[in-house]
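Residue-level listing of the chains:
Protein chains: 2
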Amino acid sequence: MEMLITYDVDTSTPAGARRLRRVAKVCEAYGLRVQKSVFEVVCTEVDWLLMQQRLLDVIDAEHDSIRVYKLHHGALAKAEHLGHSPPAPHHTPLVF
Amino acid sequence: MEMLITYDVDTSTPAGARRLRRVAKVCEAYGLRVQKSVFEVVCTEVDWLLMQQRLLDVIDAEHDSIRVYKLHHGALAKAEHLGHSPPAPHHTPLVF
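Chain order of the listed sequences is A and B.
Okay, so the first sequence: first residue is 1 according to my numbering, each after it adds one.
Okay, so the second sequence: first residue is 1 according to my numbering, each after it adds one.
Don't take each hint at face value.
Covered by chain B, according to a simulated footprint, are these stretches of chain A (three or more residues, beta-carbon under 8 Å) [as the list claims (entries may be wrong)]:
1. 13-19
2. 23-32
3. 60-72
4. 79-85
Some chain A residues judged to face chain B by a derived CB distance under 8 Å, without partners named [to be verified]:
5. D8
6. Q35
7. A75
Just so you know, these hints were derived from the structure itself, not from any lab.
C-beta atoms are modelled at their ideal positions from N, C-alpha and C, and glycine is treated no differently.
With the hints as extra help, turn the sequences into a complete structure.
Here it is, written out as structure tokens:
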């Protein structure tokens with residue numbers, strides 16, 4: 001499945017700044033960071049359930065917001081961008 | 001058409017902070033803000049062309065990034081959220 005995950009974490013306190021780092025870390029484990037608070041994720045349904053639980057364990061549900069858009073197959077590859085270049089897409093082999 | 005628009009604007013300079021406000025203003029004219037830098041937009045193809053041009057006029061293409069995900073009909077209504085509540089959806093009449 002393809003998903004887009006976006007988040008706003010309230011960083012007005014040191015605890016909030018810590019939550020922000022933890023949310024980013026969970027997302028980095030599953031997806032590709034395309035903007036500061038936007039991750040593209042290609043994973044299985046089981047991975048998403050695990051990821052979701054990790055996110056719920058980290059956030060403060062009263063102050064933080066995570067949005068999850070489940071996309072049709074191929075939607076991430078068709079994302080358009082204005083401005084500076086995006087990172088490498090998911091389905092292309094990286095060349096080192 | 002349904003779209004998700006996300007942006008990162010480099011606010012390390014006063015000019016960048018101004019660009020951020022302008023990008024938000026353009027997005028507010030067409031869409032629903034669901035997070036600080038995330039807008040859900042339901043519009044026509046023509047509206048999108050106009051919006052796109054206004055965004056291109058505002059951003060610094062070397063430092064700012066806008067990503068555009070075109071979604072299938074109904075995808076915005078199915079967005080999931082973790083944490084605090086999202087705003088009212090697009091297709092539901094507001095009750096005052």
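Now for the hints, and whether the structure bears them out:
{"no.": "1", "hint": "13-19", "result": "violated (count 0)"}
{"no.": "2", "hint": "23-32", "result": "violated (count 0)"}
{"no.": "3", "hint": "60-72", "result": "holds (count 13)"}
{"no.": "4", "hint": "79-85", "result": "holds (count 6)"}
{"no.": "5", "hint": "D8", "result": "holds (4 Å)"}
{"no.": "6", "hint": "Q35", "result": "holds (4 Å)"}
{"no.": "7", "hint": "A75", "result": "holds (6 Å)"}
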